[in-house]
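Enquirer: Sequence lines, in order, name chains A and B.
Take 1 as the starting number for the first sequence in our numbering and just add one per residue.
Take 1 as the starting number for the second sequence in our numbering and just add one per residue.
For the record, the hints were derived by calculation from the structure and aren't laboratory data.
Which residues of chain A face chain B? A few of them, derived with a C-beta cut under 7 Å, are:
| id | residue |
| --- | --- |
| 1 | T13 |
| 2 | V17 |
| 3 | P37 |
| 4 | D123 |
| 5 | G128 |
| 6 | I158 |
| 7 | E159 |
| 8 | G161 |
| 9 | V210 |
| 10 | K221 |
| 11 | G224 |
| 12 | L240 |
EDC-like cross-link-like pairs, simulated, lysine to aspartate or glutamate; straight-line CA separation at most 20 Å:
| id | chain 1 | residue 1 | chain 2 | residue 2 |
| --- | --- | --- | --- | --- |
| 13 | A | K50 | A | D110 |
| 14 | B | K147 | B | E92 |
| 15 | B | K284 | A | E243 |
| 16 | B | K147 | A | D22 |
| 17 | A | K144 | A | E51 |
| 18 | B | K291 | A | E236 |
| 19 | A | K28 | A | D65 |
| 20 | A | K221 | B | D294 |
| 21 | B | K147 | A | D120 |
| 22 | A | K144 | B | D243 |
| 23 | A | K86 | A | E200 |
| 24 | B | K147 | A | D122 |
| 25 | B | K322 | A | E243 |
| 26 | B | K291 | A | D230 |
| 27 | A | K50 | A | D80 |
| 28 | A | K24 | B | E127 |
| 29 | A | K81 | A | E106 |
| 30 | B | K89 | B | D180 |
| 31 | A | K246 | B | D229 |
| 32 | B | K291 | B | D308 |
| 33 | B | K321 | B | E226 |
| 34 | B | K80 | A | E166 |
| 35 | A | K18 | B | D145 |
| 36 | A | K81 | A | D102 |
| 37 | B | K321 | A | D230 |
| 38 | A | K86 | A | E199 |
| 39 | A | K28 | A | E88 |
| 40 | A | K24 | B | E130 |
Every residue gets a Cβ at the ideal spot worked out from N, C-alpha and C, and that includes glycine.
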Amino acid sequence: MNIVVCVNHVPDTETKVKVGPDGKSIDKAGVNYMLSPYDESAVEECLRLKEKNGGQVTAISLGGDANKETLRKVYAMGVDKAILLKDEAPRDSYGVAKALADVIKELSPDVVFFGKQSIDYDDAQVGGLVAEMLGLPSVSVVVKLEIDNGNVRAQREIEGGHETVETRLPAVFTAQKGLNEPRYPSLRGIMQAKSKAIEERVPEPVPPQVEVVAMRKPTAKGAGRIVGTDASAVTELVRLLHEEAKVI
Amino acid sequence: MGTTLLAFAEQHDGKLKRNAYEVARAARAYADELGGTAIGLVIGHNVREAAAQLGGHGVETVVAIDGPSVASYSTTAYAKLVARIAKEKGVEVLFLPASTLGKDLATRVAVKLGAGVAADCTGLKVEGGELIATRPVYAGKAVVDVKVLTPVKIFTLRPNVFTSGTGSGTQARVEVLAADLDESDFGARVIDTQVASGRPDVTEADIIVSGGRGLKAPENFHLVEELADALGGGVGASRAVVDAGWRPHDEQVGQTGKTVSPSLYVACGISGAVQHLAGMSSAKVIVAINKDKDAPIFQIADYGIVGDALEVLPAFTREVKKLLGEG
Ligand SMILES: Cc1cc2nc3c(=O)[nH]c(=O)nc-3n(C[C@H](O)[C@H](O)[C@H](O)COP(=O)(O)OP(=O)(O)OC[C@H]3O[C@@H](n4cnc5c(N)ncnc54)[C@H](O)[C@@H]3O)c2cc1C
Ligand SMILES: Nc1ncnc2c1ncn2[C@@H]1O[C@H](COP(=O)(O)O)[C@@H](O)[C@H]1O
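The following block holds chain A by itself, in its conformation from the complex (with noise of 0.2 Å):
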């Protein structure tokens, strides 16, 4: 099986995050970056499904050197080849899309896995925009998959439930988290992680679809008030829920 997983390098959840000086993007410095977390399950159900059908698993990651280090995680998780598709500029969910769609036309692969969004931008756009661009059927948010012989039947998460969906490969999926749990590399995979190559594309540039005219932060909402210190405040806090906040 030809299995293609796309991983975005995003910074960590405990990131408290800055306007940057051009008052449209996050202040970088002292960041840390990490495997977009719904990648990660994205990249544990393709190892998975490798290890049972045999094949190979290809990263893609589109972005600057840093996500490198990203791809070196993927590599020691257990992936086979790890490709970079290099653009240093931001690119917005189109941009991205076309890039990795270009490159995994080429690969003709049976499966191409994707989280369903980053949690940089939260789109959750660029695995609908790919499958789209390539003409393939494909699962959103999914849960769980059976994949025999070709024929696909995953379950995806909709609001309160859950959805069945069959459908055949070639075909693009998203991953929700809970799909499965992720392997923590061993320290061997890591090791010869390091010395693993990864290639490097230069992707053709498009033109933006969507501009970032502005990034602020949330109004913040300062602490409020305490009415109590036990069971006996509920009768004042069910009063204010309902005359003051107007809620219930």
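Place chain B with the ligands on chain A using the hints.
Expert: Just chain B with the ligands now, kept in the frame of chain A:
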């Protein structure tokens, strides 16, 4: 003639989702501001009634694509229909809900129409005749204003945020069309849907009661559920209790869970780690119940009780029932 806006209305079993009214009213509001017209679109089986209902919420026309083949969602088939209608009607601005279905559909439609997407918008304004969208990034730790540069523009609107406005009183014209599709249009097809009845999902709930490790044990979560039920709300959870297997993953609120914007969020025994706050800080009113007066959750709570959640919750539920006349 001005700008033509299209609101895609999500329905399930012929019943409109609440977010369907939100996108329709938003389309009306911005059609007025931009000087244009608003069209509603419903796709499904036996959706004429839903279409008529949508027609009471500000759009001038509702297109209903009705047929058994589109009874359940298919990404590719729905995308083809939305793109077709958008082209036929000369639509320049599309509003879809930023629901699981809406986000999925928007990407496909975007490629078909060469349209840029502003995803999961929490605000919209018109500046110099152009729509500027506000959307949270980094799980709500920052927000950006974005402009879509393509001739056709797509905005997915976060559910529960665009809640102003009511029915218009007038009734839109409903145009019913057949779903003219081939078997090859159905790349992937939903064959079964399991929706838990009862409590609303956290992304749709207007009120959420959430529990964390301070609840002490999974068997104490009935206290959270009872308050949620008394308030007609949904149940949420911190990652700590999801990872511990006390609660299902679909209840997790936060950076790697769901992002929610309810009007009331009650956090019980939740410390308020940055990753949790990221998912719920845009709630209109936040209540925290925590034993530790220094817990970070109190920094963003509007109202707090410093106390034992196991004692406060039952009293809270009783008081709510009393207020709402059920106890
Ligand atoms: C990559 C990554 C992603 C993450 N994503 C998420 C996410 O999406 N969502 C999320 O929630 N977390 C997430 N986390 C985890 C987060 O950092 C916290 O560990 C988690 O939110 C803590 O859960 P908690 O508040 O239930 O538990 P704790 O932090 O242990 O807090 C329990 C609280 O309960 C209080 N308490 C104890 N007993 C009582 C009592 N009887 N009555 C009242 N209060 C009591 C305590 O004072 C304490 O404040 C993530 C972490 C990482 C590293
Ligand atoms: N720069 C990138 N390089 C590789 N894959 C990416 C990149 N950005 C996004 N993706 C993939 O697309 C998914 C959805 O991202 P997004 O649409 O940005 O939320 C992610 O989970 C990744 O799998």
